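Engineer: Letter by letter, the sequence shown follows residues -2 to 344 of our numbering.
Incorrect hints may appear among the rest.
Capping the alpha-carbon separation at 27 Å, the derived lysine-lysine pairs in DSSO-like fashion look like this [stated by the list, open to error]:
| hint | residue 1 | residue 2 |
| --- | --- | --- |
| 1 | Lys244 | Lys221 |
| 2 | Lys93 | Lys31 |
| 3 | Lys244 | Lys319 |
| 4 | Lys222 | Lys332 |
| 5 | Lys29 | Lys93 |
| 6 | Lys46 | Lys34 |
| 7 | Lys72 | Lys221 |
| 8 | Lys319 | Lys307 |
| 9 | Lys206 | Lys307 |
| 10 | Lys46 | Lys74 |
| 11 | Lys29 | Lys46 |
| 12 | Lys328 | Lys279 |
| 13 | Lys56 | Lys74 |
| 14 | Lys154 | Lys31 |
| 15 | Lys30 | Lys56 |
| 16 | Lys222 | Lys279 |
| 17 | Lys83 | Lys154 |
| 18 | Lys326 | Lys244 |
| 19 | Lys332 | Lys279 |
| 20 | Lys222 | Lys244 |
| 21 | Lys30 | Lys154 |
| 22 | Lys93 | Lys56 |
| 23 | Lys79 | Lys93 |
| 24 | Lys56 | Lys207 |
| 25 | Lys222 | Lys326 |
| 26 | Lys46 | Lys31 |
| 27 | Lys79 | Lys56 |
| 28 | Lys83 | Lys93 |
| 29 | Lys74 | Lys137 |
| 30 | Lys154 | Lys137 |
| 31 | Lys206 | Lys319 |
| 32 | Lys332 | Lys244 |
| 33 | Lys332 | Lys275 |
| 34 | Lys34 | Lys83 |
| 35 | Lys137 | Lys83 |
| 36 | Lys79 | Lys137 |
| 37 | Lys275 | Lys206 |
| 38 | Lys206 | Lys244 |
| 39 | Lys137 | Lys221 |
| 40 | Lys332 | Lys319 |
Simulated from the structure, these hints should not be mistaken for laboratory data. Every value quoted in this text rests on a predicted model; they were computed, and no experiment measured them.
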Amino acid sequence: MRDEVIIDILNRCLAADSKAVLIYSHFAGASKKKSLKDFWRRMSAVEEKHTSYWRELLKLAREDMLPQLFEQPYKVKEELDKVQAKVEELLQESEKITNPADMFLLAFRIEFHILQPALVSFLNFLETLPNQESPLEDYKAHLMEFVAALNEYGADKPELKLLGETVERLWRDNSRLAMMSNTDPLTGIYNRRGMLDALIPLVYLAHRKKLAVGVLIVDIDDFKKVNDRHGHRAGDEVLAWVAETLKSNIRVSDVIGRYGGEEFLVYLSDVNTEFIFKIAEKLRRLIESGSRQRIPVTISIGGAGGMVQKDIEDDLQALISKADANLYKAKAAGKNKVAINGKLTKV
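Using the sequences and the hints given, assemble the complete structure.
Structural biologist: Shown next as structure tokens:
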């Protein structure tokens, strides 16, 4: 069933950026200096590009391809209702402004209201889509150009430079909050929620292209003994090293996240059972051999693969459950093994 709240949120984001396009276009027409005209035209063009992000997200939301990105979506919607009302007020005010300093002050108010944590969460999601340029870098470049202009044209106006510092800090804070909600702080890879959110569009894509996918659940064997013998700091170092080793030895198109405790989940796209077993065996051997120089550890891996059918999210969960059952088989067979669709490592 379509998430109408998310669609409402996206429509409000689209409306706010569409008004910003109009405001900056007006400033371009009202500016006398060519450099300022060009600057406001660029600002308007970039905001127009941002509206294309919202339209793309709306299309995904209407096709049920957006994960639930917010714990309290109704609260986010209420916040964006206020933003939309504020930006509408600014649109009315902008029509009377001809002074460059007042233009920058009003533009700051626009950017301040639009730059919500929800925006960064959506941009982070867009980053996970295949063949997608970096919306985060694009938005950051837009803000940094605005800050540079504030510094240039407000050189004799300390209050404008202060506004630039505020925009930079707001971007950093919101980016950090968005990252914290999706990233495991110890390993730097996706946390469970971030991982599952990132997988949804990839699984839908596999369904559309009729591609087989694979899932691996990786568990560090006897990890409690590592903590008991060497301490929790050493245990954290082992977790971080295993995460980095796994991440460095899968394809760019694959996704890894910390699934819980000492477990990791790896999503593999466009694969067959033979390839899933091969990559799992490669990872198992790398951990076994690489950890000899550190605290020796091994991993057990359960995997599963297949085509994604109609019930996209249910099929993904079924694959994860099957991989989890195979992990149990790998553990029961003596650990330091891979079990996938009846095939078991012979060691």
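Engineer: Compare the structure with each hint and give your call.
Structural biologist: Going down the list of hints, with the structure as the test:
| no. | hint | verdict |
| --- | --- | --- |
| 1 | Lys244 / Lys221 | 23 Å, holds |
| 2 | Lys93 / Lys31 | 20 Å, holds |
| 3 | Lys244 / Lys319 | 22 Å, holds |
| 4 | Lys222 / Lys332 | 14 Å, holds |
| 5 | Lys29 / Lys93 | 15 Å, holds |
| 6 | Lys46 / Lys34 | 19 Å, holds |
| 7 | Lys72 / Lys221 | 40 Å, violated |
| 8 | Lys319 / Lys307 | 18 Å, holds |
| 9 | Lys206 / Lys307 | 13 Å, holds |
| 10 | Lys46 / Lys74 | 23 Å, holds |
| 11 | Lys29 / Lys46 | 25 Å, holds |
| 12 | Lys328 / Lys279 | 18 Å, holds |
| 13 | Lys56 / Lys74 | 18 Å, holds |
| 14 | Lys154 / Lys31 | 21 Å, holds |
| 15 | Lys30 / Lys56 | 40 Å, violated |
| 16 | Lys222 / Lys279 | 24 Å, holds |
| 17 | Lys83 / Lys154 | 25 Å, holds |
| 18 | Lys326 / Lys244 | 24 Å, holds |
| 19 | Lys332 / Lys279 | 15 Å, holds |
| 20 | Lys222 / Lys244 | 24 Å, holds |
| 21 | Lys30 / Lys154 | 18 Å, holds |
| 22 | Lys93 / Lys56 | 36 Å, violated |
| 23 | Lys79 / Lys93 | 23 Å, holds |
| 24 | Lys56 / Lys207 | 21 Å, holds |
| 25 | Lys222 / Lys326 | 21 Å, holds |
| 26 | Lys46 / Lys31 | 23 Å, holds |
| 27 | Lys79 / Lys56 | 24 Å, holds |
| 28 | Lys83 / Lys93 | 16 Å, holds |
| 29 | Lys74 / Lys137 | 24 Å, holds |
| 30 | Lys154 / Lys137 | 24 Å, holds |
| 31 | Lys206 / Lys319 | 23 Å, holds |
| 32 | Lys332 / Lys244 | 21 Å, holds |
| 33 | Lys332 / Lys275 | 17 Å, holds |
| 34 | Lys34 / Lys83 | 25 Å, holds |
| 35 | Lys137 / Lys83 | 23 Å, holds |
| 36 | Lys79 / Lys137 | 24 Å, holds |
| 37 | Lys275 / Lys206 | 23 Å, holds |
| 38 | Lys206 / Lys244 | 25 Å, holds |
| 39 | Lys137 / Lys221 | 42 Å, violated |
| 40 | Lys332 / Lys319 | 18 Å, holds |
Going through the hint list in order, the structure does not satisfy hints 7, 15, 22 and 39.
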